[in-house]
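Read off the chains here:
Number of protein chains: 2
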Amino acid sequence: MSLTERRRLPPQTGTAFMVRRGERLKVIDPCGEQVCDLTAFALDNRTEWLSSGRTIDYANTIYVTKGHTLYSNCSRPMWTILEDTVGRHDFLLTPCSPEMFTIIYKTTAHHPSCFENLATALAPLGIAPNTIPTTLNIFMNVIVGMDGTLQILPPRSRAGDHLTLRAEMDLIVGVTACSAELSNNGTFKPIDVELYSATS
Amino acid sequence: MSLTERRRLPPQTGTAFMVRRGERLKVIDPCGEQVCDLTAFALDNRTEWLSSGRTIDYANTIYVTKGHTLYSNCSRPMWTILEDTVGRHDFLLTPCSPEMFTIIYKTTAHHPSCFENLATALAPLGIAPNTIPTTLNIFMNVIVGMDGTLQILPPRSRAGDHLTLRAEMDLIVGVTACSAELSNNGTFKPIDVELYSATS
Chain A
24 MSLTERRRLP
34 PQTGTAFMVR
44 RGERLKVIDP
54 CGEQVCDLTA
64 FALDNRTEWL
74 SSGRTIDYAN
84 TIYVTKGHTL
94 YSNCSRPMWT
104 ILEDTVGRHD
114 FLLTPCSPEM
124 FTIIYKTTAH
134 HPSCFENLAT
144 ALAPLGIAPN
154 TIPTTLNIFM
164 NVIVGMDGTL
174 QILPPRSRAG
184 DHLTLRAEMD
194 LIVGVTACSA
204 ELSNNGTFKP
214 IDVELYSATS
Chain B
24 MSLTERRRLP
34 PQTGTAFMVR
44 RGERLKVIDP
54 CGEQVCDLTA
64 FALDNRTEWL
74 SSGRTIDYAN
84 TIYVTKGHTL
94 YSNCSRPMWT
104 ILEDTVGRHD
114 FLLTPCSPEM
124 FTIIYKTTAH
134 HPSCFENLAT
144 ALAPLGIAPN
154 TIPTTLNIFM
164 NVIVGMDGTL
174 QILPPRSRAG
184 DHLTLRAEMD
194 LIVGVTACSA
204 ELSNNGTFKP
214 IDVELYSATS
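Sequences listed follow chains A and B, in order.
The number in this note's numbering is simply the position in the first sequence, starting from 1, with 23 added.
The number in this note's numbering is simply the position in the second sequence, starting from 1, with 23 added.
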């Protein structure tokens with residue numbers, strides 16, 4: 024397994040790329056307390072997308088971690104989580120979006136958002152904005168109270184913490200350095216992604 | 024407000040229909056302990072769909088009930104919950120599907136499923152199977168442990184319990200009488216849906 028590509032996402036940005044079956048994607052929080060929203064689509068069928076609902080159902084937990092499989096809406100394995108140094112990621116909430124900033128933050132001016140960043144990055148790869156599903160919000164710390172109420176707490180990730188995923192099919196992938204104040208303890212930091220070749 | 028249509032869904036079936044803005048949809052559990060999976064698409068834009076992720080984010084709870092708005096992936100209000108005599112519905116899990124029965128129940132023969140029933144009912148209305156999102160699983164009783172683990176318990180609904188929704192836009196709607204043993208305390212019952220005209 025050797026490093027084939029490394030990208031640093033500046034704060035409040037996104038990018039998209041292809042990952043081939045067997046390749047590893049390592050998502051690193053270089054500074055700590057920074058969320059990365061991730062989504063994926065099957066390269067051979069762009070109507071097949073990473074499904075929070077199917078993944079949570081089969082994993083029987085809202086908190087996916089090392090050893091879990093992430094499934095598509097067709098119930099095909101898309102990713103396997105190989106490493107997880109944090110153990111707390113969110114798979115309930117959609118990426119922050121212009122509308123979210125209006126509704127929750129009462130923002131009136133333009134605000135960078137993961138949804139817009141994903142939509143912009145994925146468009147050249149043939150992904151329409153309205154097909155972007157609930158993302159895996161890596162390092163995002165959401166807890167569910169007994170009454171169902173959600174609390175968004177600062178990420179548990181510290182500098183250098185990471186999540187490593189193995190692609191189980193050829194994928195189109197979108198990732199961000201999250202743009203929402205509340206999700207990142209009030210500051211915006213970069214995210215690093217590393218791609219490693221498949222091992223035989 | 025007057026009743027304009029009433030349908031009984033036999034056990035393990037689904038149906039689809041249009042609901043105009045302002046109309047009320049009442050979903051009734053006539054026998055008790057029976058789940059109804061519901062999804063919706065904008066009539067004027069079939070790429071706009073009922074979004075669990077945006078709804079949960081804006082409601083700040085996984086348990087939507089009376090007074091909550093259900094949002095589309097474009098953050099437009101699709102439904103408002105007007106009445107809820109149960110107060111426990113699931114919005115985390117995808118509809119039961121052929122693959123779910125294979126993976127979780129280890130079923131080898133064909134098993135009826137909400138996904139197949141929704142896909143079949145929605146196809147004539149221009150909805151492709153792969154665009155069916157996480158459904159609102161009315162009366163489904165899913166609890167989340169402190170560690171994130173899910174438990175599916177018998178529905179809290181008794182005979183006659185219901186959920187009433189007002190459409191906030193013209194909608195294509197799919198509903199089922201759920202086909203999964205675990206979700207319905209081991210037996211399959213019908214679901215009644217009633218449509219009421221808009222009030223001025």
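Honestly, the hints are just simulated from the structure, not real lab data.
It cannot be assumed that every hint is accurate.
Identical copies go unnamed one by one, so any copy, or any two together, can satisfy a pair.
[As the list claims (entries may be wrong)] Computed cross-link-like contacts, SDA-like style, restricted to lysine to any residue with a CA-CA straight-line distance of at most 20 angstroms:
| # | residue 1 | residue 2 |
| --- | --- | --- |
| 1 | Lys129 | Pro100 |
| 2 | Lys49 | Glu106 |
| 3 | Lys89 | Thr172 |
| 4 | Lys89 | Gly110 |
| 5 | Lys129 | Gly110 |
| 6 | Lys89 | Asn153 |
Of all the hints given earlier, name the ones this structure violates by number, lowest first.
When the structure is compared with the hints, numbers 5 and 6 turn out to be violated.
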